[in-house]
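There are 2 protein chains.
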Amino acid sequence: MTDRSIKFEDLPEEYYALGGRGLTSTIVAKEVPPTCHPLGPSNKVVLAPGLVTGTKAPSSGRISVGGKSPLTGGIKEANAGTSFGQKVARLRIAAIVVEGKAEDNDKYLLKINKDGAELLNANKWLGKGLYEAYKDLYNEFGKNVGICGVGIAAELLSANSGLCFNDIDGLPSRYAGRGGLGAVMYSRGLKFIIVDDTDAPGVEIKNEELFNQGIRKLREALTTHDVTKPGGALNSYGTDVLINIINEAGGLPQKNFSAGQSDQAAMVSGEKKAEEIKKRGGAGQRPHACHPGCVIQCSEVWVDPNGENPVGVLEYESTWALGPNCGIYDLDIIGELNRQCNDLGLDTIECGDTIAVAMEGGVLDFGDGQKAIELLEEVRNKTPLGRIIANGTEYTARAYGVWRVPTVKGQGIPAYDPRAIKGIGVTYATTPMGADHTAGYCIATEIMGVGGTADPRDVKKSDLSRNLQLATAAVDASGYCLFIAFAILDIPSGLEGVVESINGVYGTDLKVEDVAKIGQQILDTELNFNKAAGFTKAHDRLPEFMVLEPLPPTNEVFNVSEEELDKVF
Amino acid sequence: MTDRSIKFEDLPEEYYALGGRGLTSTIVAKEVPPTCHPLGPSNKVVLAPGLVTGTKAPSSGRISVGGKSPLTGGIKEANAGTSFGQKVARLRIAAIVVEGKAEDNDKYLLKINKDGAELLNANKWLGKGLYEAYKDLYNEFGKNVGICGVGIAAELLSANSGLCFNDIDGLPSRYAGRGGLGAVMYSRGLKFIIVDDTDAPGVEIKNEELFNQGIRKLREALTTHDVTKPGGALNSYGTDVLINIINEAGGLPQKNFSAGQSDQAAMVSGEKKAEEIKKRGGAGQRPHACHPGCVIQCSEVWVDPNGENPVGVLEYESTWALGPNCGIYDLDIIGELNRQCNDLGLDTIECGDTIAVAMEGGVLDFGDGQKAIELLEEVRNKTPLGRIIANGTEYTARAYGVWRVPTVKGQGIPAYDPRAIKGIGVTYATTPMGADHTAGYCIATEIMGVGGTADPRDVKKSDLSRNLQLATAAVDASGYCLFIAFAILDIPSGLEGVVESINGVYGTDLKVEDVAKIGQQILDTELNFNKAAGFTKAHDRLPEFMVLEPLPPTNEVFNVSEEELDKVF
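Protein chains in written order, with the working numbering: chain A, 838 to 1406; chain B, 838 to 1406.
Careful: at least some of the hints might be erroneous.
It does not matter which identical chain is meant; a pair holds if it fits inside one copy or across any two.
To be verified - Cross-link-like lysine-lysine pairs, in silico, BS3-like; alpha carbons within 25 Å at most:
id	residue 1	residue 2
1	Lys948	Lys844
2	Lys1092	Lys938
3	Lys1297	Lys1404
4	Lys948	Lys938
5	Lys1208	Lys1219
6	Lys1374	Lys867
7	Lys1066	Lys1374
8	Lys1404	Lys1374
9	Lys1404	Lys1368
Just so you know, the hints here were simulated from the structure itself, not pulled from any lab data.
Please construct the entire structure, taking both the sequences and the accompanying hints into account.
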């Protein structure tokens, strides 16, 4: 971006058969100095579709985004399911690397199609919400494009600004949201990436037969497993099915992590949401996929009471963050807050944690949904208060002197209280990503009985967390949705199918046993980056208040020992 | 403070002949968990007069304040010269430890005299500026008290809130300012400490003869050395004498460290200031000491054009921070900004760095003194913008997306650009305190030719910085002002005198050679705390922009190697 030039480069041989998180973390670790300033000239944003993204493999439409995070100060990978990644892959682009900084004040749009790429001026979209901007962009560039963009939060260069991708209806609702990489992209001078895969060559598949065999096995597993099958939990209620389940377990954080259960939780449950969506009709009719070719289809679309103005999906973590965590139990308010987040380019989890901390700090009352919506208007208006909010949980806590700060490595803790469910706490503490439930989703085993069972209160969780972190890193490289893990952890042929599908595309000879090794390689790369950036075991800790303060109703504290945490890596 | 109780405890034997920084850092390291939240229940504030504070030893009125810093996240010691420390010592109190957190919303005043101590309600002073509050407090508690207080910045629990002590005229101008310990004290529930030494027993001196011999030698050195003698540099012009000297060296940072020299610097020089003070008359007549018994007397008092409304001293670093670093070259505006800092409880260096970063971020223009004054009114009014500013340089940079952030370990870099003068940069990078010129003042040797000479641009400065850091830690424990170092580095009998004076008070048998050992012990304690808090060599670095960006007019970058930095400790 320094001289606004575009280069197509052959993929170095060493990067062959790396994809998604495997490729973004490798490039970031190689090219970004670990101690650089995240918004300075040395940082980069890397976008890489997964290994099988763009093929007809089921539920494989993920794209990873990497860079040094302004939120955590460490390496970051965040990924999203979107046709954008599929289109990039079909153009046979392994990764887009955005580097340098434009010296002028103009902002740019990168347009990519089969003929090449160009940078166009994007100034006219500055200050616009993304719902309107994406509509404009589809009008200008046609219906066959994928869009990646950053919003007003990134224009503020704020640490809670995500990269937004189009959903299947063209809405700005699919986010590589965590860790503030939107600000890194915007600080290069880049506002949008438009990709058009018309007449694209498609993903090269070295061994069609093996590939087809693999995806058959995987599809079979996905359509059989209770969690992922048609009419199963995710397909029927979306991820929000977890509200009642986690509430029942006493691990659904209320009002800035001051309790783990509420009798009002059912008002924002997946069941309630499905019922409302059905009643309201219109754009919200379920089931809905986040990208073409998904067989799980958990992305039901939330709409207003008239069945209009679709928001996109309300995920469990978003519903929790903007709902119970703020003392809000009204799906329409939560929907509106989620719409604001999508429109502004804010990660919903971080934003919900932030609003709750602002509530604890006295900026507004717990439960005051209207004030919460107004708070996000401050971001839109780029006021000082908006700048505070857009910089996330820890930042907002400091502005208002709040010491109960639910973060690890500066990133807001998601929707599962680690005092009631210890394994997920081990993941929050030890993943190089900062508090991230997706990095090693112990909930699967501790609560859902997937991949075995484990008592949520058992404090020996280093092995469980490590194993899941390794598997997750590999899945995040594959381009498959992490939700395939529910099926392949329980159905061995599904896992075989995944490996065969990758071997089919790349002509490689990976074994099932190699999955953990691939994961370990990726994690080693990330952990080494963080170590060089200044992270130590002292950063692999949960916030002090979770160690000191019992969580009603279980009245558990986070009592996993530091030794157990340090055994993970 | 949890139950608002006060205990007098005998000094444990292991703490005997520890004082000042030696005692604060030892207690903090022993009693505060390194990974605790600085504003949470586990942090403490420790105030300890130096080893000879309260005696008639010349220039020995320092008091140290310690705790875990909300600004750096590491251990912090900040000290000030004030009669407050002398009074505490004369009551034979080795340290005041403020611990726990009041659960109620009331704020308290700790009153100490020869009969004991009590906690009084301090709510009536909340929201008041400290100039007015100190006047009230002297009216209420009498002229013979020393006052320690925290201001509106601490009421915001902000990371740039210092502990303020009375000067010799009772003004709130003597600060243990750096690192945000004001917020730590206020978060315990404590707003003021009033100490009255009427009929105090005084400091016990074990060997009067040796003590008297020691202070004679020291006084002789102080009154002989060019820097410290009556009519010498400090006595004639105050610390501000450095403006012209550092500007000449190309190391006086201008406009957020974008140049190292300005032809306007002379307008705010010590010479110019002395001339103005003389012309204006009134309260500002020089020379002025910061505490009774100082022979250096560098604290000339700044007044308004009518010779009224005394601010207190304008130190070199304050003048620079609020002046040239903001593109401001008007002593009256700088004086007003310094008054605001004193009144609000903000550290001047951090505040000047903050305003300059806000200027770079477009909040106001470089050079706009009026707007700068208004910006500090935002702190007084507790607005969101005020909360941003009160949280310091790095925090403000993040609010406005500024990547040229002059901080180390989160603390703003003081008045000497390390690109033009490398040794001070080695100190900024490696001291456990975050960027702190006083921690190992290489300027003495590099610019002033004290303790030998060194080429400012020579990059081999690890030995110089280490030696000065060790000596400084020992001086900070002694209770002597750091400025005695100018004399005792050049005059061996002065150093002997210092050691004899300590042996005289404590009946100890320290040798001159032990000074470095004492310093090493203190630094080891601090470095170990920081290591446990999560600091690594990656934090011992200057900001990226100083490595990348040449500084006019020398066009030097900070080119001390990481190996050289890592050789310090």
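Quiz item: Under a CA distance limit of 25 Å, which applies to Lys1404 and Lys1374: within one copy, between copies, both, or neither?
Solution: both (10 Å within a copy, 23 Å between copies)
Quiz item: Is it within a copy, between copies, both, or neither that the alpha carbon of Lys948 lies no farther than 25 Å from that of Lys938?
Solution: within (18 Å within a copy, 57 Å between copies)
Quiz item: Between Lys948 and Lys844, at a C-alpha cutoff of 25 Å, which is it: within one copy, between copies, both, or neither?
Solution: Within one copy only: 13 Å inside a chain, 70 Å across chains, cut-off 25 Å.
Quiz prompt | Identical-chain pair category, Lys1208 with Lys1219, by Cα at 25 Å | solution = For Lys1208 and Lys1219, both the intra-copy (17 Å) and inter-copy (19 Å) Cα distances are at most 25 Å.
Self-check item: Status of Lys1374 relative to Lys1066 across identical chains (alpha carbons, at most 25 Å)
Solution: Neither, since 40 Å and 51 Å both go past 25 Å.
Practice problem: Using 25 Å as the alpha carbon limit, work out where Lys1374 and Lys867 are close: within a copy, between copies, both or neither. | Solution: Both, since 23 Å and 20 Å are each at most 25 Å.
Exercise. At 25 Å max between alpha carbons, let me know whether Lys1297 reaches Lys1404 within a copy, between copies, both or neither.
Key: Answer is within; shortest intra-copy Cα gap is 10 Å, inter-copy 40 Å.
Quiz item: Is it within, between, both or neither when you check Lys1092 against Lys938 at 25 Å Cα-Cα?
Solution: between (40 Å within a copy, 22 Å between copies)
Practice problem: Indicate which option fits the pair Lys1404, Lys1368 if close means a Cα-Cα distance not exceeding 25 Å: within, between, both or neither. | Solution: both (16 Å within a copy, 20 Å between copies)
Hint compliance for this structure: hint 7 alone is broken.
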